[in-house]
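Colleague: Each chain, written out:
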Amino acid sequence: MNWLIEFLGDPANWTGADGVPARLLEHLEFAGLSLLLAMAVAVPLGLWIGHTGRGALLVVLSANAARALPTLGLLVLIVLLMGVGTIVPVLIPLVALAVPPILVNAYEGVRGVDPELRDAAYGMGLRGRQVLFGVLVPVALPLILLGLRTAAIQVVATATVAAYVGLGGLGRYVIDGLATQDYPRAVGGAVLVAGLALAVQGLFAILSRISVSPGVSRRPGIR
Amino acid sequence: MGEEPLVRWDWIGRNLPVLRELLVDNAVMALVPVLAGLLLALPLGLAGVRWRRLYQPTVGVMNVVYSLPSLAVFIVLIPITGLATRLTVMVPLTFYAMAVLVPAVVDGLAAVPDHVRQSAVAMGFTPLRRLLQVELPIAVPVVLAGLRVATVSSVSLVSVGALVGRGGLGYLFIDGWQRQFPTPIIVGIVLIVLLAGIADLLLVGAQRLLTPWAGSRTRRRA
Numbered sequence: 001m002n003w004l005i006e007f008l009g010d011p012a013n014w015t016g017a018d019g020v021p022a023r024l025l026e027h028l029e030f031a032g033l034s035l036l037l038a039m040a041v042a043v044p045l046g047l048w049i050g051h052t053g054r055g056a057l058l059v060v061l062s063a064n065a066a067r068a069l070p071t072l073g074l075l076v077l078i079v080l081l082m083g084v085g086t087i088v089p090v091l092i093p094l095v096a097l098a099v100p101p102i103l104v105n106a107y108e109g110v111r112g113v114d115p116e117l118r119d120a121a122y123g124m125g126l127r128g129r130q131v132l133f134g135v136l137v138p139v140a141l142p143l144i145l146l147g148l149r150t151a152a153i154q155v156v157a158t159a160t161v162a163a164y165v166g167l168g169g170l171g172r173y174v175i176d177g178l179a180t181q182d183y184p185r186a187v188g189g190a191v192l193v194a195g196l197a198l199a200v201q202g203l204f205a206i207l208s209r210i211s212v213s214p215g216v217s218r219r220p221g222i223r
Numbered sequence: 001m002g003e004e005p006l007v008r009w010d011w012i013g014r015n016l017p018v019l020r021e022l023l024v025d026n027a028v029m030a031l032v033p034v035l036a037g038l039l040l041a042l043p044l045g046l047a048g049v050r051w052r053r054l055y056q057p058t059v060g061v062m063n064v065v066y067s068l069p070s071l072a073v074f075i076v077l078i079p080i081t082g083l084a085t086r087l088t089v090m091v092p093l094t095f096y097a098m099a100v101l102v103p104a105v106v107d108g109l110a111a112v113p114d115h116v117r118q119s120a121v122a123m124g125f126t127p128l129r130r131l132l133q134v135e136l137p138i139a140v141p142v143v144l145a146g147l148r149v150a151t152v153s154s155v156s157l158v159s160v161g162a163l164v165g166r167g168g169l170g171y172l173f174i175d176g177w178q179r180q181f182p183t184p185i186i187v188g189i190v191l192i193v194l195l196a197g198i199a200d201l202l203l204v205g206a207q208r209l210l211t212p213w214a215g216s217r218t219r220r221r222a
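Residue numbers (the UniProt record's numbering), protein chains in the order written: chain A, 1 to 223; chain B, 1 to 222.
Bear in mind the hints are in silico, worked out from the structure with no lab data behind them.
Be careful, since some hints might not be right.
[Unchecked claim] Label pairs and their calculated CB-CB ranges:
hint: 1; chain 1: B; residue 1: Thr85; chain 2: A; residue 2: Gly215; range: 47 to 57 Å
hint: 2; chain 1: A; residue 1: Leu198; chain 2: B; residue 2: Leu54; range: 33 to 43 Å
hint: 3; chain 1: B; residue 1: Ile80; chain 2: A; residue 2: Ile210; range: 35 to 45 Å
hint: 4; chain 1: B; residue 1: Arg129; chain 2: A; residue 2: Phe133; range: 50 to 60 Å
hint: 5; chain 1: B; residue 1: Pro212; chain 2: A; residue 2: Gly83; range: 52 to 62 Å
hint: 6; chain 1: A; residue 1: Ile210; chain 2: B; residue 2: Pro212; range: 20 to 30 Å
hint: 7; chain 1: B; residue 1: Val121; chain 2: A; residue 2: Glu116; range: 28 to 38 Å
All C-beta atoms, glycine included, are put in the ideal place defined by N, C-alpha and C.
Build the full structure now, drawing on both the sequences and the hints.
Modeller: And the structure:
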């Protein structure tokens with residue numbers, strides 16, 4: 001606890017390129033960019049596979065591989081093979097980590113929609129695309145958001161590890177603190193990262209409350 | 001890199017004893033927490049089923065725990081459990097395993113059909129016997145599904161511990177990075193994926209043995 005106060009209480013740690021605001025911004029930049037790229041690939045793909053049923057094997061394989069693949073190893077290998085310098089080599093493993101949970105949950109969400117509901121939508125004269133976006137996506141939204149939340153938390157955590165291969169972000173405090181045996185710095189960084197992960201968790205809780213239709217989440221207030 | 005091959009096979013041959021040691025270390029640090037997590041999750045899950053009101057807060061806490069980055073938890077634990085000790089890695093992994101297993105236990109027990117439970121009561125089963133002989137066996141597939149997720153993630157999460165000096169096969173990542181030498185990194189990734197795969201297969205086998213009646217039926221429900 002004293003270490004935490006020693007690090008966070010030092011005004012020198014709050015300004016400049018190595019200050020908390022600058023590092024936080026870097027962290028959010030890497031994590032946010034990776035998440036957006038992963039979303040752009042995985043959400044449409046997951047919806048399409050769930051809707052058409054084609055390529056389901058890809059989903060199963062990616063779900064299993066995602067859990068078994070060691071983040072640190074993947075990161076170190078890709079950066080070693082591609083070289084440091086730009087942020088692209090670091091973004092690749094982060095995107096690779098974020099894709100499977102988004103893909104799997106988007107797929108499961110659409111596939112898990114009650115077939116009667118789907119039939120009813122077709123029966124009412126809706127076309128394929130209208131059924132997908134008017135019925136299937138809103139009903140699948142809780143699972144889609146769960147996938148995005150899992151991916152976001154993974155990426156925030158992994159961006160910390162990425163400081164080991166020279167990335168900025170909050171992980172810098174952790175890695176530098178460990179390397180120089182400056183534990184107040186390492187612990188301070190660790191607490192900031194944990195706080196950020198919790199903030200992401202909270203943000204998604206709010207997001208799903210706002211965006212999921214009360215009829216889907218069975219919240220009181222609609223009848 | 002130039003002429004340097006991606007994998008130097010002779011390195012693997014020369015380092016077999018070290019690799020075996022790291023593999024065992026990785027397996028122990030991954031599997032002991034899963035077992036401990038299961039032992040802790042069973043009573044918590046039972047409590048969650050019996051006192052429904054406890055369930056939501058328990059799952060909420062577990063969600064929060066699960067979202068904490070492993071590296072951050074390792075660092076914060078160092079003053080308590082020591083740098084580069086097995087315990088520093090195993091304590092957080094136990095909590096991650098619990099975070100997966102408590103909901104699995106609750107969902108598994110909740111999936112016991114009410115008429116089955118009532119039949120057991122009508123047949124004169126005491127609550128303890130009903131739990132051990134009827135409810136837990138029916139919950140096995142769901143609990144084992146959770147156990148598979150927890151085991152595979154645990155095996156691969158251990159490697160992050162290498163950053164705090166004790167990460168089983170993760171040591172190979174640090175070693176390869178520091179020497180700018182890809183072979184150990186690739187070997188480490190392959191061994192971790194293999195270890196996770198073997199553990200997963202063993203659990204699938206265990207499920208076959210524990211629920212001989214299930215066969216193709218569970219597949220249809222899943």
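Colleague: Would you list, in rising numerical order, the hints stated earlier that this structure does not obey?
Modeller: Numbers 2, 6, in rising order.
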